[in-house]
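Q: Take a look at the letters that make up each chain.
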Amino acid sequence: MHEFAIAQDLINLIKDSLKDSKMKTVTKVTLALSDPPMLVKESLELGFGVLAKNTPCENARLIFTKGSKKGFFLIGLEGEDGD
Amino acid sequence: MEIKLIKNVLEVNERQSEENKKIFDAHGIFVCNIMSSPGSGKTTLLQKTIPVIKERSRVAVIEGDIYTTRDALRLKEFNIPVVQINTGGGCHLNAAMIAEAMKALPLKDLDAVIIENVGNLVCPAEFNIGEDEKILIYSITEGDDKPAKYPLSFTNAGAIVINKMDLAPYCQVNIDKLKLEINQHNNTAPLFMVSALKGSGLIPWTDWLLSKIENKSR
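So the protein lines, in turn, are chains A and B. Heads up: the first sequence at position 54 corresponds to 54 in this note's numbering, and the numbers run straight through without jumps. Heads up: the second sequence at position 62 corresponds to 1062 in this note's numbering, and the numbers run straight through without jumps.
Hints were generated in silico from the structure; no laboratory data involved. Any given hint could turn out to be false.
[As the list claims (entries may be wrong)] Calculated cross-link-like contacts (lysine-lysine; reagent style DSSO-like; alpha-carbon spacing at most 27 Å):
| hint | chain 1 | residue 1 | chain 2 | residue 2 |
| --- | --- | --- | --- | --- |
| 1 | A | Lys-70 | B | Lys-1149 |
| 2 | A | Lys-69 | B | Lys-1021 |
| 3 | B | Lys-1007 | A | Lys-53 |
| 4 | B | Lys-1212 | A | Lys-70 |
| 5 | B | Lys-1054 | B | Lys-1198 |
| 6 | B | Lys-1212 | B | Lys-1021 |
Same shape as in the complex, but just chain B:
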């Protein structure tokens, strides 16, 4: 015998993601899900971004990490709510983890939640967690050939930040080719070329983020 059906295998996560988003929306909170390979500079970018957006909005961070609290500790100086999730081996954050972390956040007093996902260029792109935008941080040291190798991370991104641009002269990377390849997978996401460590190119990025936050909280 045969049964025909159409059921989303990821529906449990999708349902929870929608629930999370409803709660964030009800509070007017803009939520971004920061994805990247390990070591591409997500936390360094946050260290440079938070002081700027904190001047105009109330922000919290959910830090995803397989085992440690190192990234959360790096954000301690900003005196904002930071919730740590340790996945204990899991390669991405899922919606249920975010639902738990939300309980520890003062949602009534927030305009934005930045979620730093586990460093991984594959899995985080596949799981919605209740965010408004997925944001891809890509290190220029990763070369110009990765968009085609990891397409979903690029396709699903609402914005793409190319980090470590100060190292571009030392890498055998063709920036025009990289831009072209990104454009083949995503021609709508704004592209920001920055060096978080040196603090260069950050204004267009923080302006974009602030406009998203302010549009949502209105």
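Pulled out of the complex, with its shape left as it was, chain A reads as follows:
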């Protein structure tokens, strides 16, 4: 139910992370999620797909990994630079 709000926070965090980087478009977003998961992955993907339109992560795929630390973390971005 709250995955749309989390998807928006994630997009804001990605945009923030790109500020000091040459990366202009994001193709892959790697996330670490502790167990038990605090969200439904499919719902997050749905929210992310809708909210990422017209942002640098419009075509990015979300990759979920199991995290050892409790919570939900953005741990990696792959993409292309603007040159």
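Use these hints to put chain B onto chain A, whose structure you have.
A: Showing chain B alone in chain A's frame:
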């Protein structure tokens, strides 16, 4: 190209939660975040709890509800500060909502704030809001199989109150199995078996709550 980083996706809420807690701590206020499914008896438990703790401490309530003020109205008779938050569809309270509600509370004149979260056994457990303890209210009518189905609510609880025990004989629920399953997810939280409606089993619960309040306000 690749960027490696470690950023908490929920850091905005976490930061606000820490800010809220700092303010509550500075005032010596014990804060509990009451979580449960809808209809498990959170407000009824508060109606039985508040008169007891009010005798020894100054308490306020923040009421979370998706649309209505019904629960807040049920607490009106106690003549304590009650602040209503309507989430307008949101499935849980977040730290920013609590920060706003705190502005309406007389923090200097309080020992405890009880936050009744939105009725939902999933989402409230995932968002810190500045509380000292999350407290799970679980209705015995929900059966003995829910701890494994909703683990985070049980894992994150600092205390667990099993309510509606007066209905246990009419439910096909194995209390030993329920206790065992709770213990598998949380073996440190005290477990209180009560019937808020009938007023039974409440003393250990209110004693525990009062000890938490008094330890914090010292």
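Q: Is the Cα-Cα distance between Lys-1212 (chain B) and Lys-1021 (chain B) 27 Å or less?
A: Roughly 15 Å separates the two Cα atoms, so the pair holds.
Q: Compare the distance between the alpha carbons of Lys-70 (chain A) and Lys-1149 (chain B) with 27 Å, and conclude whether the hinted pair is satisfied.
A: Holds, because 19 Å separates the two Cα atoms, which is no more than 27 Å.
Q: Take the C-alpha atoms of Lys-1054 (chain B) and Lys-1198 (chain B), compute the straight-line distance between them, and say whether it is at most 27 Å.
A: Between Lys-1054 (chain B) and Lys-1198 (chain B) the Cα gap is close to 20 Å, so the pair holds against 27 Å.
Q: Below or equal to 27 Å on CA atoms is what counts here, so check Lys-1212 (chain B) against Lys-70 (chain A).
A: 26 Å, holds
Q: Would you check the hint for Lys-69 (chain A) and Lys-1021 (chain B), treating anything up to 27 Å between C-alpha atoms as holding?
A: 22 Å, holds
Q: Does Lys-53 (chain A) sit within 27 Å of Lys-1007 (chain B), going by the straight-line distance between their CA atoms?
A: With a Cα-Cα distance of about 22 Å, the restraint between Lys-1007 (chain B) and Lys-53 (chain A) holds, given a limit of 27 Å.
Checked against the numbered hints above, the structure breaks none of them.
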